[in-house]
Amino acid sequence: GNSVTQMEGPVTLSEEAFLTINCTYTATGYPSLFWYVQYPGEGLQLLLKATKADDKGSNKGFEATYRKETTSFHLEKGSVQVSDSAVYFCALGLNTNAGKSTFGDGTTLTVKP
Amino acid sequence: DAGITQSPRYKITETGRQVTLMCHQTWSHSYMFWYRQDLGHGLRLIYYSAAADITDKGEVPDGYVVSRSKTENFPLTLESATRSQTSVYFCASSAGTGENSPLHFGNGTRLTVT
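Respectively, the protein sequence lines represent chains A and B. The opening position of the first sequence corresponds to residue 7 in our numbering, with each subsequent residue numbered one higher. The opening position of the second sequence corresponds to residue 169 in our numbering, with each subsequent residue numbered one higher.
Because the hints were derived from the structure by calculation, they are not lab data. Among the hints, a few may not be true.
[To be verified] Here are a few chain B residues that face chain A, going by a calculated C-beta distance under 8 Å:
#: 1; residue: P176
#: 2; residue: Y178
#: 3; residue: A218
#: 4; residue: P243
#: 5; residue: F258
#: 6; residue: T265
#: 7; residue: P270
#: 8; residue: T280
The beta carbon of each residue, even a glycine, is placed where N, CA and C say it ideally should be.
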């Protein structure tokens with residue numbers, strides 16, 4: 007079956023630190039990969055996506071590269087801000103899966119000033 | 169305004185009562201989903217719908233009922249609420265599958281069953 011494994015949290019960083027949140031996946035077929043962010047009291051929002059191998063998704067200073075050889079889609083940001091404190095979810099979607107997405111368990115990031 | 173809206177935002181109900189959570193989207197997306205989010209369980213899919221009048225069970229459907237008579241609405245009903253159904257419920261929609269499957273989420277309904 008399909009699955010997404012995320013680095014366990016919580017993660018606590020100081021402002022301007024480098025961020026990496028690891029994500030690996032298992033899928034039958036060729037998935038599209040997504041990172042979502044959830045701020046307190048809100049629903050998830052799409053942060054970035056990549057639809058094929060070696061694609062790099064980027065948004066708001068965050069980046070992730072679709073690595074087929076390592077089945078990974080790690081999220082990175084060079085310099086985090088307090089406003090980046092949120093829960094981050096890695097997910098995959100397949101054309102063969104009736105529109106359903108498979109989510110990781112989420113990683114809570116706290117950035118301290 | 170375009171988007172996906174859920175109502176109510178907060179709901180407290182008693183065990184055994186029926187309660188309906190509403191979801192409305194303005195994009196005419198084909199797919200709609202209901203998730204529940206609980207600490208330690210991440211997001212779990214309750215039901216989903218590929219189009220009007222087409223619904224199917226997700227990972228945790230027991231105790232819930234859905235309908236989709238119109239593309240834009242996807243209400244979730246708890247037929248006889250139990251304390252284990254205390255959770256935050258999210259509705260989501262998407263335009264399609266694969267690369268078109270990014271989900272658009274509502275802001276959630278926080279349901280407490282006493």
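Checked hints:
1. P176: At about 15 Å, which exceeds the 8 Å cut-off, the nearest Cβ of chain A leaves the hint on B/P176 violated.
2. Y178: Violated - the Cβ of B/Y178 stays beyond 8 Å from chain A, reaching only about 11 Å at its closest.
3. A218: holds, 6 Å
4. P243: Status violated, d = 17 Å.
5. F258: holds, 5 Å
6. T265: holds, 5 Å
7. P270: Holds, about 5 Å.
8. T280: violated, 15 Å
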